[in-house]
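**Q** Sequence:
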Amino acid sequence: MTQPSFDQDLDWLLADLAARVPAVTGAVLASSDGVMRHSHGLGFDDADRLSAITTGMCSLGGGLGTIQRSFGGVEQVIVQGDGGYLFVSRAGVNGVLGVLTDKSADVGVVGYEIAMLVKSVRGHLGTPARTAPGPSGALVD
Numbered sequence: 001m002t003q004p005s006f007d008q009d010l011d012w013l014l015a016d017l018a019a020r021v022p023a024v025t026g027a028v029l030a031s032s033d034g035v036m037r038h039s040h041g042l043g044f045d046d047a048d049r050l051s052a053i054t055t056g057m058c059s060l061g062g063g064l065g066t067i068q069r070s071f072g073g074v075e076q077v078i079v080q081g082d083g084g085y086l087f088v089s090r091a092g093v094n095g096v097l098g099v100l101t102d103k104s105a106d107v108g109v110v111g112y113e114i115a116m117l118v119k120s121v122r123g124h125l126g127t128p129a130r131t132a133p134g135p136s137g138a139l140v141d
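With the UniProt record's numbering, the residue at position 113 of the sequence shown is 113, and numbering never jumps.
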């Protein structure tokens, strides 16, 4: 029996983040086009929706670079709601990490832990770019 590669099963990484960081209630790792790759603490439908939301938030944040060129790329976006926070961070090539917390979260601690997680395993968090289907439905690079 072959062991799954590090890249194939990152659910454990999200579970570890939730276990180590107080107030984390759920997390997703999505491709930059919004497809959920890995999740923790959420049902499939909620994880799928959060992946799309996370990717959209990252894209919206990236739009700031078109207004002020010195803004650069997006490192992290934080959305504050009545009951908690959504932290969004780029995660490797074509990857986006979304982390939900309850309202008791220490924003500085959560933000730091997410940044350290992304930095330490950045090479494993990326999502390969998709290939477009060819005219006959065959995949082309």
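Treat the hints as calculated values from the structure; they're not laboratory data.
Here a beta-carbon is modelled for each residue, glycine too, at the ideal position from N, C-alpha and C.
Check the hints yourself; a few may be wrong.
[What the hints assert, rightly or not] Label-pair ranges, simulated between beta-carbon atoms:
| hint | residue 1 | residue 2 | range |
| --- | --- | --- | --- |
| 1 | D11 | G83 | 32 to 40 Å |
| 2 | V93 | A19 | 21 to 29 Å |
| 3 | A19 | S70 | 34 to 42 Å |
| 4 | Q68 | G43 | 22 to 30 Å |
| 5 | K119 | L60 | 22 to 30 Å |
| 6 | D106 | A15 | 16 to 24 Å |
| 7 | V107 | F71 | 16 to 24 Å |
| 8 | I67 | P22 | 32 to 40 Å |
| 9 | R69 | R20 | 35 to 43 Å |
| 10 | Q68 | V35 | 27 to 35 Å |
| 11 | T66 | A19 | 34 to 42 Å |
| 12 | D16 | V79 | 18 to 26 Å |
**Q** Evaluate each hint against the coordinates.
**A** Here's how the hints hold up against the structure:
1. D11 x G83: 32 to 40 Å: For G83 against D11, whose Cβ atoms are near 24 Å apart, the range 32 to 40 Å is violated.
2. V93 x A19: 21 to 29 Å: holds (27 Å)
3. A19 x S70: 34 to 42 Å: holds (38 Å)
4. Q68 x G43: 22 to 30 Å: violated (39 Å)
5. K119 x L60: 22 to 30 Å: Given about 23 Å between the Cβ atoms, the range holds.
6. D106 x A15: 16 to 24 Å: Roughly 20 Å apart at Cβ, these two residues keep to the hinted range, so it holds.
7. V107 x F71: 16 to 24 Å: Distance hint for V107, F71 holds at roughly 21 Å.
8. I67 x P22: 32 to 40 Å: The hinted range 32 to 40 Å holds for I67 and P22, with Cβ atoms some 35 Å apart.
9. R69 x R20: 35 to 43 Å: With a Cβ separation near 37 Å, R69 and R20 satisfy 35 to 43 Å, so the hint holds.
10. Q68 x V35: 27 to 35 Å: holds (30 Å)
11. T66 x A19: 34 to 42 Å: With a Cβ separation near 38 Å, T66 and A19 satisfy 34 to 42 Å, so the hint holds.
12. D16 x V79: 18 to 26 Å: holds (23 Å)
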